[in-house]
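Those protein sequences? They're chains A and B, same order as listed. The first sequence begins at 45 in the numbering used here and counts up by one. The second sequence begins at 45 in the numbering used here and counts up by one.
The hints are simulated quantities; they were obtained by calculation from the structure and are not laboratory data.
If chains are identical, the list can't say which one is meant, so a pair holds when it fits in one copy or spans any two.
Simulated pairs of lysine-lysine, DSSO-like, Cα-Cα distance not exceeding 27 Å:
# : residue 1 : residue 2
1 : LYS473    : LYS174
2 : LYS174    : LYS46
3 : LYS620    : LYS235
4 : LYS170    : LYS46
5 : LYS78     : LYS170
There are 2 protein chains.
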Amino acid sequence: MKASQFFVSTLKEAPADAEVVSHRLMTRAGLIKKLGAGIYTYMPMGLRVIRKVEAIVREEMNRAGAVECTMPVVQPAELWQETGRFEKMGPELLRIQDRHGRDFIVQPTSEEVVTDIARQELRSYKQLPKNFYQIQTKFRDERRPRFGLMRGREFIMKDAYSFDRDPAGAQASYQAMAQAYRRIFDRFGLKYRAVAADSGAIGGDLSEEFQVIAATGEDAIVYCPDSDYAANMEKAEAAAPAGPRPAPAQARTLTPTPGKATCADVAALLGVPLSSTVKSLVLATDVLNDAGEPAGVQVWLLLLRGDHDMNEIKVSKVPGLDAGFRFATVPEIEEHFGAKPGYLGPLDLKKPVKIVADREVAVMADWICGANQVDHHITGVNWGRDLPEPRAVADLRNVVAGDRSPDGRGELAIERGIEVGHVFYLGTKYSKAMGATFLNEDGKPAFFEMGCYGIGVTRLPAAAIEQNHDERGIIWPDAIAPFTVVLCPIGMDRSETVKAAAEQLHMDLLAAGVDVLLDDRGERPGAMFADWELIGVPHRVVLSERGLKEGQVEYQHRRDTAATKVAAADILSFVKEKLAA
Amino acid sequence: MKASQFFVSTLKEAPADAEVVSHRLMTRAGLIKKLGAGIYTYMPMGLRVIRKVEAIVREEMNRAGAVECTMPVVQPAELWQETGRFEKMGPELLRIQDRHGRDFIVQPTSEEVVTDIARQELRSYKQLPKNFYQIQTKFRDERRPRFGLMRGREFIMKDAYSFDRDPAGAQASYQAMAQAYRRIFDRFGLKYRAVAADSGAIGGDLSEEFQVIAATGEDAIVYCPDSDYAANMEKAEAAAPAGPRPAPAQARTLTPTPGKATCADVAALLGVPLSSTVKSLVLATDVLNDAGEPAGVQVWLLLLRGDHDMNEIKVSKVPGLDAGFRFATVPEIEEHFGAKPGYLGPLDLKKPVKIVADREVAVMADWICGANQVDHHITGVNWGRDLPEPRAVADLRNVVAGDRSPDGRGELAIERGIEVGHVFYLGTKYSKAMGATFLNEDGKPAFFEMGCYGIGVTRLPAAAIEQNHDERGIIWPDAIAPFTVVLCPIGMDRSETVKAAAEQLHMDLLAAGVDVLLDDRGERPGAMFADWELIGVPHRVVLSERGLKEGQVEYQHRRDTAATKVAAADILSFVKEKLAA
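Next comes chain A alone, as it looks inside the complex (with noise of 0.2 Å):
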């Protein structure tokens, strides 16, 4: 390809909004234009990092074989209200009525349509498994777009959705999916993560995460430097605490903090160490007469220490808090504590809650918690003599860096990371929902067991960069480069030796199925190198009279810090060897 031929265009400067690395080298590489906010036009540049992503994906869901299908982009409600998610999906569903005035949906994933094709398509277990994916338009009106690529409202998205007979074909449907995809995400050239994440209502492990690590990624990534352990913090598993608890050492005491309402606070004042206060989170649930008619409110209180974070995800499946939660009022505080927020604790309470302690602090010994009066907490507070021993002990919090694995084989650290893939079990959710079933051996109808697999595709060029950019731009890995190999001839339009060199090698490396651009626009030297370092073409070829004149042209990777002088007579060889290394 030669530039002339194709569409170069770079800025100096990136947009006002764009706040991201990737977002601005983006836009300032010519990849993308904005057309609104969240939505973009593929430029050609970028239109080409878009289609290699593609191609591997599409290679290698066809290897696993998935079957490649196009589902519309405009899509009648009706499928959407059988699950109930035409209803129960907020505005993010895109919602359109045609010109009769009937509801459609602008696709923000197709489980419905698929399942629908499942139902009248699939009749009988002969022909499971199956597995049907598209690489298509979507779109998700975002309440706040921003960022670019990485979180638009209209994106394209690999998604993939598999149909078994029973849940160990699911599984098998699935794990052959999640080695895909660690293919998939090992040919893209990134350091990238399979995370454990939580797989909601179906329970189990079925549920993984592709995470391309980044330090500007929106998502923590617990992981086990010792191990194979990986999981995201929702998931992340805090290891049971080590030893048993202490014995009482302190006796309870009323302390007064006087404006001292958060742990940090009272353990500064105290001079004690954070993680020897109890924090109180207090919750509500409704509570529901024999006719399934609210009849008052269940108030909850969690225990957590100090420096841990609760974990919204594992608290939803504490029993009594798994059918949904809130947090309680300020009125519902004062009825049952006596205190305002900032000042409660377990003791002393003025109604009765249920109390849910975290594994870590049912070990604990001698912590100090609110009093439920303003401006005191009680220190030396200990299970079993100021209180009673716990009912309700569950992980609710965060894991933190230095947590012992899970596995019981080193610590846990934590790194960040940007979801670009999901697989996921789905079991019969939809298939339910929908009536779609097939007929199995014992010519009985059941139920399809489906999993669902998404790549965002237009989001991971955006992370590839997050991951690799410097001051001077993009740095692709060679897989999806829009160009693999940049031949930059330095005055082209004045030196027949030098076009004539460019365009034999030009064609040379096109001969060997080099993906290669040579630039004929005759830009300055300066100019050149700049923009080409900015769009990040891994390997540079520069030619020059004075050069060639010494039968020399110079190599220079994306990554290197000086140019490599080449024989121009080795350099087509040169090249093929960095490419295939």
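Put chain B on the given structure of chain A with help from the hints.
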């Protein structure tokens, strides 16, 4: 590819709403699946066809120097308000409001977005010409979607837009596209015609439709078998009448024609050819006063030969009718003619009307027209004697088969076609509306000269089927078949010989780059053959134990009436030769 790893799904019966053969066959062959009115999932078998169409289009667009990008499906209304299309386009334009109540549309085409890109990106004449294209989902909320992919609401279109500095450049860009389209349609392997089309307000001949020939086509295509002349019916010019007008031979006679309100009935009653009658079409235009307010109605009488049909596009170019017209109302007709429709004519008017005669009518003598009296016509009417020579004479009619070709090189023929491509010179229509300029060589801003170029990617397979099918199913051209070759082993599950031979041939064909499918489903031969004849794979090889024992396999092209025995040892080269043919 093995069938067991793919998805083959055929139906005995077509859905009740499938009116045309392509819709019936695409549904029965499992190429598409209806989700809603005019909205289809492209099933795996159909998607393969679409991908092949896309690949051919993409290769030839790139070869012609166009650059691919992808514009958003969901587009902000603002740009569409700049050109006025947001208001002007009817309910065909699918409108959406997002969560913030802002207006969006689902793209039916992308002139606005690409012009917006150009006015930002193409700042200098040095960057021109430039041609951006996309292959992308479109939506048009058709009032009556039907015929499957032929007139769907959601569809895939390749749309390209060229930007040039002046009309000469735009014409060169247009010609490059017109040539690329010929290469594309040649490669599809379909019978087609590129026909001149009306270019609306722009004028000139820079608009061509690419019509796939099919007896079931909606469009009438006019062509001259003895020359290159081809145009669509709207555009095709009726050559000027051959000879001078004969001298009057009959006297003007009021003739009773009770109940005969059509030319055909009158001709039959009087025993004369239909071509000796003249039909009266009454139109109306609004007359505006100096302030531009409606100040009355001008009534027009169009005279066409009884056997000719009015051509609305031609009528809309008659001076005075070119700002818009409508058919006159019955009260307006009675006010000017003193008679009801059915017996109208240019003689004995109650109030003056503007008369426009078709060129053929202007050379008629002794003609018959309505008498402006119920149940009466006048025979023997002659220009210059019974009424003044016509002041306005124009080509107002559709051509008919047998008309002289406008290039004077033979007679016109008419066949049916399906419009699948369109190239169009746009001029500055969009660049002026959106203030899209670049700096010309003299440093002054100038409006882009634009062209637009569409191919209906998902319509093409339907058109291909309308042209190529028989009672057993589809017959694909090699270039766009879902698979080029199908291997049908008989009793593969029982015979190791058949299995080994089939798998070897499958591997050999794959290695030769042939898009081959091995049907390993274990279907009975009858059902297997019926499936592939329905799906329309052009080349079939049948392997049976009996044949293999004799060292033979059977080859049959989808159009062949019988199979050819081929030595098993030669089948690979035999098939390769067939594909090269």
